[in-house]
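So you can see what is in the structure, the chains are spelled out below.
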Amino acid sequence: MHNPQLNKDGELTHLLSIEGLPQRILTQILDTAESFMEVSARDVKKVPLLRGKSVFNLFFENSTRTRTTFEIAAKRLSADVINLDINKSSASKGETLLDTIDNLVAMHANLFVVRHASSGAPYLIAEHLQRIGRDDVHVVNAGDGRHAHPTQGLLDMYTIRHYKKDFTQLRVAIVGDILHSRVARSDIHALTTLGVPEVRAIGPETLLPKHLDKLGVHVFHDMNEGLKDVDVIIMLRLQNERMNGALLPSAGEYFRHYGLTPQKLALARPDAIVMHPGPMNRGVEIHSAVADGSQAVILPQVTFGIAVRMAVMSIVAGN
Amino acid sequence: MSPLPHLNTDSLPDAEAQCRQLADLIRPHLHHQPALVGIFSGGAWIAERLKELLDLPEDIGLIDVSFYRDDFAEKGLHPQVKPTVIPFDVEDRHIILVDDVLYTGRTTRAAINELFDYGRPASIELAVLADRAGRELPVAPTYCVWDVALRDGDSLVLAKQDDGQLAWRLENA
Amino acid sequence: MQIEIKNGRVIDPKNGVDRSISLFVVDGKVAGLGEAPTGFVAEKTIDAAGCVVCPGLIDLGARLNSIEAELAAAVAGGVTSVVVPPDADPPLDEPELADRLVHRGTEIGKARILPLGALTLGLKGERLAELVGLKKAGCVAFSQANAPMVDTEALLRAMEYATTFGFAVWLQPQDYWLSRNGIAHEGEVASRLGLAGIPVAAETIAIATIVQLVRDTGCRVHLTRLSSAPGVALVKAARDEGLPVSCDVGVHHLLLTENDIGFFNPHARFCPPLRAQNDRLALSTAAASGLAAICSDHTPVAADDKLLPFGEAKAGATGLEVLLPLTLKWAESLKLSLPEALARITSAPADVLGLSSGQLAVDAAADICIFDPEATWQLTPEALKSRGKNSPWTGYMMIGKVKTTLVGGRVVYQA
Numbered sequence: 001m002h003n004p005q006l007n008k009d010g011e012l013t014h015l016l017s018i019e020g021l022p023q024r025i026l027t028q029i030l031d032t033a034e035s036f037m038e039v040s041a042r043d044v045k046k047v048p049l050l051r052g053k054s055v056f057n058l059f060f061e062n063s064t065r066t067r068t069t070f071e072i073a074a075k076r077l078s079a080d081v082i083n084l085d086i087n088k089s090s091a092s093k094g095e096t097l098l099d100t101i102d103n104l105v106a107m108h109a110n111l112f113v114v115r116h117a118s119s120g121a122p123y124l125i126a127e128h129l130q131r132i133g134r135d136d137v138h139v140v141n142a143g144d145g146r147h148a149h150p151t152q153g154l155l156d157m158y159t160i161r162h163y164k165k166d167f168t169q170l171r172v173a174i175v176g177d178i179l180h181s182r183v184a185r186s187d188i189h190a191l192t193t194l195g196v197p198e199v200r201a202i203g204p205e206t207l208l209p210k211h212l213d214k215l216g217v218h219v220f221h222d223m224n225e226g227l228k229d230v231d232v233i234i235m236l237r238l239q240n241e242r243m244n245g246a247l248l249p250s251a252g253e254y255f256r257h258y259g260l261t262p263q264k265l266a267l268a269r270p271d272a273i274v275m276h277p278g279p280m281n282r283g284v285e286i287h288s289a290v291a292d293g294s295q296a297v298i299l300p301q302v303t304f305g306i307a308v309r310m311a312v313m314s315i316v317a318g319n
Numbered sequence: 320m321s322p323l324p325h326l327n328t329d330s331l332p333d334a335e336a337q338c339r340q341l342a343d344l345i346r347p348h349l350h351h352q353p354a355l356v357g358i359f360s361g362g363a364w365i366a367e368r369l370k371e372l373l374d375l376p377e378d379i380g381l382i383d384v385s386f387y388r389d390d391f392a393e394k395g396l397h398p399q400v401k402p403t404v405i406p407f408d409v410e411d412r413h414i415i416l417v418d419d420v421l422y423t424g425r426t427t428r429a430a431i432n433e434l435f436d437y438g439r440p441a442s443i444e445l446a447v448l449a450d451r452a453g454r455e456l457p458v459a460p461t462y463c464v465w466d467v468a469l470r471d472g473d474s475l476v477l478a479k480q481d482d483g484q485l486a487w488r489l490e491n492a
Numbered sequence: 493m494q495i496e497i498k499n500g501r502v503i504d505p506k507n508g509v510d511r512s513i514s515l516f517v518v519d520g521k522v523a524g525l526g527e528a529p530t531g532f533v534a535e536k537t538i539d540a541a542g543c544v545v546c547p548g549l550i551d552l553g554a555r556l557n558s559i560e561a562e563l564a565a566a567v568a569g570g571v572t573s574v575v576v577p578p579d580a581d582p583p584l585d586e587p588e589l590a591d592r593l594v595h596r597g598t599e600i601g602k603a604r605i606l607p608l609g610a611l612t613l614g615l616k617g618e619r620l621a622e623l624v625g626l627k628k629a630g631c632v633a634f635s636q637a638n639a640p641m642v643d644t645e646a647l648l649r650a651m652e653y654a655t656t657f658g659f660a661v662w663l664q665p666q667d668y669w670l671s672r673n674g675i676a677h678e679g680e681v682a683s684r685l686g687l688a689g690i691p692v693a694a695e696t697i698a699i700a701t702i703v704q705l706v707r708d709t710g711c712r713v714h715l716t717r718l719s720s721a722p723g724v725a726l727v728k729a730a731r732d733e734g735l736p737v738s739c740d741v742g743v744h745h746l747l748l749t750e751n752d753i754g755f756f757n758p759h760a761r762f763c764p765p766l767r768a769q770n771d772r773l774a775l776s777t778a779a780a781s782g783l784a785a786i787c788s789d790h791t792p793v794a795a796d797d798k799l800l801p802f803g804e805a806k807a808g809a810t811g812l813e814v815l816l817p818l819t820l821k822w823a824e825s826l827k828l829s830l831p832e833a834l835a836r837i838t839s840a841p842a843d844v845l846g847l848s849s850g851q852l853a854v855d856a857a858a859d860i861c862i863f864d865p866e867a868t869w870q871l872t873p874e875a876l877k878s879r880g881k882n883s884p885w886t887g888y889m890m891i892g893k894v895k896t897t898l899v900g901g902r903v904v905y906q907a
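Protein chains in written order, with the working numbering: chain Z, 1 to 319; chain F, 320 to 492; chain H, 493 to 907.
Heads up, a few of these hints could be off.
[Said to hold, decoys possible] Computed, partial: chain F to chain Z, Cβ under 8 angstroms:
| no. | residue |
| --- | --- |
| 1 | Phe386 |
| 2 | Tyr387 |
| 3 | Leu396 |
| 4 | Lys401 |
| 5 | Gly483 |
If you are wondering where the hints come from, they were derived from the structure by calculation, not from laboratory data.
Each residue gets a CB set at the ideal place from its N, CA and C atoms; glycine is no exception.
Generate coordinates for the entire structure from the input sequences, incorporating the hints supplied.
Here you go:
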């Protein structure tokens, strides 16, 4: 099946999902991000790459932090940034998603950063742009339903590469609500594509999708077992707003079994790093001592996130 | 200017010797304590050589101009971008920008723009091994050891051999 | 009107006819096969050379949003009788509404409308609709369409009431709680794409519940649009037990699986969802063995309601004009004969309905489909008469094209 993310020359023209991307493209993004880290360390944190281009942040689901990092990234590329919180505008008056896109394309949008509550929404947009012959307009998925959050997956990989260097020797554990997590799905695809030999998922049966093993993941329900000798622990937020059903009895019981405490962390390797996509629920999935401890790299993840998003936008905008 | 003889693979000069010649040109002009900045990758190698030959104490700067090029719309982002590293304060410094081949002048323009985002230098001089005619911008080298003309479609590339020695290669598009 | 249909291959699955003979129609009824009836003088001759002449197709599930266009689509697809679910707007829960619908169908004079009446008022699953009144107004059975009945006691009472009068109840086996948040089959594809899943248990739990209530009430139940292998197994067991249970499967579920969702293709959103390959194979075996009849589950959806993210798109595909070619395609893959294939969409649906139609015996109504089994045509919006252009097969070539359709001896469609 033709991958809608790649143009006819096999170059990345949209970033919709990590699934289906060859390793060389992931590596290119990580390598390019390194250069943007350097830009972000300068006094003048701008390069002229996207000067004159318009980046529209289309957020159908609220997220100030993700939107802000995309805005910073786009501005550091000298792009003009327009933020659209669709709740407040025409879509709530009944305008369809594709009508909104057509209107913005008519306003000379060059790149859409899209966050949507429905899995697959960015694909609909990318396919529509292709249908109307606009291969000069690009889509970056900032999170669609439970499906994918590819820039988060990439910045997580950047973080792992920064601290651990070689993917092919690692054990990585992802802990928490994987069923509802687009971050987890993107992480899993990225880890397996980059050659991580052991990817583990830890959580209660109710929070793990069936068929995880088909994605190359080892499933653990016992966190003590699952964390043994891991090099990287990715903690997921317990997502209150996504759960609609009797999935968990209480945050307290969850913390007792699946919360990352200093004692549980000690089961991993002594130089293991602790990651979290944020925002954290202290005392629910992670103990404050761990969140503030020396092994947590949660704040660096945020800095890496800007560089990774700059890399993604520059690569797709040029193809 | 009289037409220059055309180049072929057999008649390529010794790049290492040319680095020594370039150093000789620069040596009398070091009183402002200039900083060397090499443009990836050929310029970076030459800047390394110059640092040794001129016995300069300071670490050289390395510049990747991918983010400042003017052909992004046609070509997109270069697939291999390296981080720019400027280990000194650009403000008020005299800088010698180093590259292997000066051709249209666009790379130099991009490098100058990038340097200005680090601060306001006191001056910038350009040192290149080869100047091939074909300028599209008003850029001129301060130090140059070799004027050369190429046939249409040919390009001159500096490479680092397995033994670490720099050598020219003539490539046809 | 006296019509002779000649040079065609007459296939009547119910009566085991498969011969190249003439078919004679007098005053809206089949009057003879092979031999002209005494005194027959052809006023009209239809040349069916290269074509199959079979009973008009009976579609056990087709939604008629804009009645005229959809009835025209039906006969263009060779469908002469259409069973309409009660979930139009307003739901068919009042005798007057059923009356009007049947009347309108007669006026338009194309495919026959066989309405299903709502089992409960507003399809809310609480209070019984006036079943007797609805039956009198023309309803052939009673149904909840896609709206599962949550209140099992109410379902029990409804089935008891229906049994009183010998009415059949048609139910889609889908547990409300297990399916209410799902949009795709709970399997590999949904896990990978992050789509909320509907487990197979949603179907099997509902079938088991319904079967138990059939045991207790003796109610005649038809289970619509099966989707899973375990579901098929439960229905087979119920039939082996001698219970008055029948079932059907949507033709798309015989050919497509969850994999056809691809990159979130909204045309692969169905209710019930497309499930896994082993489910598809079980449904296929069930249809081939005669356990399940085949229907189109025709659901016209406007482009605006399909061009949406997968979870927001309305489920369903256009079906009336593809029922025949898709059934033939399915049969071809199993190497079934043409009579066996056609039985699934003519005599088998007639049996489910307890009607004597779906056959070409003498005195049967002359509802006839004449089609070229080798003719190809491309499925495009322009090629369809239905207002529903929504299909996962858009752009594909279809094999099997209807040339002429007769209802009650009148030509209602000519290609």
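Quick rundown of the hints versus the structure:
{"no.": "1", "hint": "Phe386", "in the structure": "4 angstroms, holds"}
{"no.": "2", "hint": "Tyr387", "in the structure": "6 angstroms, holds"}
{"no.": "3", "hint": "Leu396", "in the structure": "4 angstroms, holds"}
{"no.": "4", "hint": "Lys401", "in the structure": "6 angstroms, holds"}
{"no.": "5", "hint": "Gly483", "in the structure": "24 angstroms, violated"}
Of the numbered hints listed earlier, the single one contradicted by the structure is hint 5.
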